[in-house]
Every structure is written in C-alpha cells, then in structure tokens.
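Enquirer: Here's the letter readout for the chains.
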Amino acid sequence: MNKELEAIILAYEKASASQDKEAEHYLMAFESLLDTVMERQPGLSRDILRKSVIKAHRKWALKQDCKPPAIPPKA
Amino acid sequence: MKANSTPKPPWWARRSLGRTFAEGAACVASSDDSDVHVFPFGLWFNDANSRETEQRRKVTLKFLQINRRYSVPITYKSSSARFSLAKGVRKVFIDGMDAVISDSRVPDIQAQARDLTKRQMEQWFVWMDGMLAIHRGNFVFREPTPAQLEEHKTGLKLAIRCCLFINTLIADPDFNDPDLVSRLQVRVRQLQDAYDTFHDTALSDAQAEEFLKQVFPK
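Chains as they are written, first to last, in the numbering used here: chain A, 1 to 75; chain B, 76 to 293.
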C-alpha cells in the first residue's frame, strides 16, 4: 500500500475510534492530510477522494487482527 | 398584602408538584369550580377585559387540559389564614398566592429552555456515539449480513435526520452556543461517513479503488 495513503487511512482510523472533542481533533488532522493531497493534485474531486479513503479504511479494517468488540444488536 | 413578602406555596402544591416546581407558581382554577391547578409559569388571569389576559387564559386552560394530574380538589381548606380560598366569577384563586405572583419575576424561560436543550443534546450525543460504536464494531471491522446492512442504513438515516433537525434548533443565533454546534457537526460528519461507507450509490467500491490507484500509485 502507498505510504501516504496508509497514513491517511490511519488518520481516519483515529478519528473513527474517538468521540466528541477528540474526534474533532483527529478529523481535522485527517482533513488536513486530504488537503495536502488536493494541493498536489488540484484537479481531484475532494468528495470522491474522501469517500474513497473511507472505503479503503474499511478494507484495511477487515484485515486487522485486533478488532474492536462487536456490540450485540439488542445493546 | 406585603409587597416584598414571599409566602411559601401551600402544602399541597409542594406535595404534588415538588418544591422547585411549586415555588413561584400561580394558582388558577377551571371555570367549572371542579379543580384547582397550579400553573408553573406565572401566567395569571384576573382581569377578564384585557386581551392579553384572555390570551393567557387560553394558554392556561390549554395547559390545564394536558396537566390534569396536577389538579387537587377544590375542597382545599388551609389551616393557615394566610392561604384562603377565594372564589369569583369564572375564577378561583388562593389569596396567599397573590404575593407570589406580584413579587416573583417572570421566570427566565429562555435559560430554562437552554438548559433543557443542553441536557437533551447530551442524551442525543450518547445515542449517536452508541450508533457509531455499533457501526464500527459490527460493520467496519466485520462482515455484516444483508439484513444487518439494511438495519444499518435505516438507523443511520434516522440518526442523520435527527442531527439535522437538532442543528436547526441550536444553530439559531439566539441560542449562541458554538461549542454545542461544533460537537454536533462532528457527529454529523461521522454518521455521514458511516453511511457512505456502505450505502453511497454514487461511488462503488471498484470505482473508489481505481481512483485511489491513480492518486496514490505504488
């Protein structure tokens, strides 16, 4: 996997795993990494870039050995 | 009547409504003399000629209709001379409460509404965070079944819709709580991302993969 993409995915993972103010902080970090990519390739659609990274994050998550606990449906 | 005196509400008001609720309450009665009610917002009608009073009367009666459980029998007789039951045409009131009505300021309804909204917001945040935890634990890191995905879609749609509805309330300039707005926006963003992960029809998984290959070549 491309190192830059991996760094963005990990930044999103932090935002996804946190809540409230902490999530806000990590989301800003994630967005700034997307901005960096956009600056380098101005013709890109930011929305598509964002959604693509989030889908890539999900693929990354499925490959992880350490998973967060599943919550029962009735919880 | 002493202008500055603040008499305690009668025992039945304290017993049936609780101390905070009863303090400063105005006592009003339905026109059929069947019930006495405590109305918590200090609305009062005594002058049947005033248009404002008439409006208050309508509001009060509406309140009474939906708060029948707060009613107490008209047969109330106070052991204290301070609170005596007085009757007039189409109205009954407790004399002793006049002082409360005269002295008490109009309750800070805006502050009360703000506090209530904030408490409700905290509950919404807990609920939304719970949804996000389920999304993460059961869907992102695991393969859900089609039925679970359908529930996921429905739940997230509802959560996002609720967020947008709440946002219209707290984004009002009069509410003026940027911190609360910011905390809600974070949830909106997270919930939308959760939705898009599985249910965004505009971008398929294959398209996303191809896009990333172009932007991030190995």
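Do not rely on the hints blindly, as some may be mistaken.
[Stated by the list, open to error] Which residues of chain A face chain B? A partial, calculated answer using Cβ under 10 Å:
no., residue
1, L10
2, S32
3, D35
4, P42
5, I48
6, K51
7, I54
8, H57
[Claimed, not checked] If you want the footprint, here are the derived chain B segments under chain A, 3+ residues with CB under 8 Å:
no., segment
9, 192-199
10, 234-240
11, 258-269
[As the list claims (entries may be wrong)] With a straight-line cut-off of 25 Å between C-alpha atoms, the simulated BS3-like cross-links for lysine-lysine are:
no., chain 1, residue 1, chain 2, residue 2
12, A, K63, B, K288
13, A, K63, A, K3
14, A, K14, A, K67
15, A, K59, B, K228
16, B, K293, A, K21
17, A, K63, B, K193
18, A, K3, B, K228
19, A, K3, A, K14
20, B, K232, B, K193
21, A, K67, A, K3
22, A, K14, A, K59
23, B, K288, A, K21
24, A, K3, B, K193
25, A, K63, A, K21
26, B, K193, A, K59
27, B, K288, A, K14
28, B, K293, A, K63
29, A, K21, B, K193
30, A, K67, B, K193
31, A, K63, B, K228
32, A, K21, A, K67
33, A, K59, A, K3
34, B, K293, A, K59
35, A, K3, B, K232
36, B, K228, A, K14
Please keep in mind that the hints were generated in silico from the structure rather than gathered at the bench.
None of the values given here were measured: they were computed from a predicted structure.
Glycine residues also receive a C-beta, built at the ideal position from the N, C-alpha and C atoms.
Enquirer: Would you mind marking each hint as holding or not holding in the structure?
Expert: Hints, one by one, checked against the model:
1. At about 14 Å, the closest approach between the beta carbon of L10(A) and any beta carbon in chain B exceeds 10 Å, and the interface hint on this residue is violated.
2. Taking 10 Å as the C-beta cut-off, the interface hint given for S32(A) is violated, the closest approach to chain B being about 14 Å.
3. For D35(A), the interface hint is violated, the least distance from its beta-carbon to any beta-carbon of chain B being 14 Å, above 10 Å.
4. Hint status for P42(A) relative to chain B: violated, with the closest Cβ pair at about 12 Å, above 10 Å.
5. For I48(A), the shortest C-beta to C-beta distance to chain B is roughly 6 Å, which falls under 10 Å, so the interface hint holds.
6. This hint holds: K51(A) has a C-beta 5 Å from the nearest C-beta of chain B, less than the 10 Å allowed.
7. Satisfaction of the interface hint for I54(A) is found here, the shortest Cβ-Cβ separation to chain B being roughly 5 Å, below the 10 Å cut-off.
8. Residue-level restraint check for H57(A) holds (minimum Cβ-Cβ distance to chain B is 8 Å; threshold 10 Å).
9. For the segment 192-199 of chain B, the proposed coverage by chain A is not satisfied: 0 residues have a C-beta within less than 8 Å of a C-beta in that chain, short of the threshold of three.
10. Restraint check on the segment 234-240 of chain B versus chain A: 0 residues with Cβ-Cβ distances below 8 Å, three needed, restraint violated.
11. Coverage of the segment 258-269 of chain B by chain A holds. Counting CB-CB distances below 8 Å, 5 residues qualify, and the rule asks for three or more.
12. For the proposed pair K63(A) and K288(B), the alpha carbon gap of about 19 Å is at most 25 Å, so the pair holds.
13. The suggested pairing of K63(A) with K3(A) holds, with an alpha-carbon distance near 17 Å, which does not exceed 25 Å.
14. Among the hinted pairs, K14(A) with K67(A) is consistent with the structure: their alpha-carbon atoms are about 14 Å apart, no more than 25 Å.
15. Note on K59(A) and K228(B): the hinted pairing holds, with a Cα-Cα distance of about 19 Å set against a maximum of 25 Å.
16. Simply put, K293(B) and K21(A) have alpha-carbon atoms about 34 Å apart, too far for the 25 Å limit, and the pair is violated.
17. Using a Cα cut-off of 25 Å, the hinted pair K63(A) and K193(B) is violated, with the two alpha carbons roughly 40 Å apart.
18. A hinted pair counts as satisfied when its Cα atoms are at most 25 Å apart, and K3(A) with K228(B) does not qualify at roughly 32 Å.
19. Restraint check for K3(A) and K14(A): the C-alpha separation of about 17 Å stays at or below 25 Å, so the hint holds.
20. Simply put, K232(B) and K193(B) have alpha-carbon atoms about 23 Å apart, close enough for the 25 Å limit, and the pair holds.
21. Note on K67(A) and K3(A): the hinted pairing holds, with a Cα-Cα distance of about 22 Å set against a maximum of 25 Å.
22. Distance restraint check for K14(A) and K59(A): the Cα-Cα separation of roughly 16 Å lies within the 25 Å cut-off, and the hinted pair is therefore satisfied.
23. Only pairs whose Cα atoms come within 25 Å are accepted, and K288(B) paired with K21(A) is rejected, the gap being roughly 33 Å.
24. Restraint check for K3(A) and K193(B): not satisfied, since their Cα atoms lie roughly 43 Å apart, outside the 25 Å limit.
25. A C-alpha spacing of about 28 Å is found between K63(A) and K21(A), which places the hinted pair above 25 Å, so the restraint is violated.
26. Annotation: proposed proximity of K193(B) to K59(A) is violated, straight-line Cα distance about 37 Å (limit 25 Å).
27. For a cut-off of 25 Å, the pair hint linking K288(B) to K14(A) stands: about 23 Å separates their Cα positions.
28. Taken as a hint, the K293(B) and K63(A) pair is honoured in the structure, with Cα atoms around 19 Å apart against an allowance of 25 Å.
29. In summary, the hint linking K21(A) to K193(B) is supported, as the alpha carbons are separated by about 16 Å, within the 25 Å threshold.
30. At roughly 34 Å between alpha-carbon atoms, K67(A) and K193(B) are farther apart than 25 Å, so this suggested pair is violated.
31. Between K63(A) and K228(B) the alpha-carbon distance is near 23 Å, which keeps this suggested pair within the 25 Å criterion.
32. Only pairs whose Cα atoms come within 25 Å are accepted, and K21(A) paired with K67(A) is accepted, the gap being roughly 23 Å.
33. Straight-line distance between C-alpha atoms of K59(A) and K3(A) comes to about 16 Å, which keeps the hinted pair within the 25 Å bound.
34. Restraint check: the Cα-Cα separation between K293(B) and K59(A) comes to about 17 Å, which is no more than 25 Å; the hinted pair holds.
35. For the hint linking K3(A) to K232(B), the alpha-carbon distance of about 34 Å lies beyond 25 Å, and the restraint is violated.
36. A hinted pair counts as satisfied when its Cα atoms are at most 25 Å apart, and K228(B) with K14(A) qualifies at roughly 23 Å.
Comparing the model with each earlier hint shows violations of hints 1, 2, 3, 4, 9, 10, 16, 17, 18, 23, 24, 25, 26, 30 and 35; every other hint is respected.
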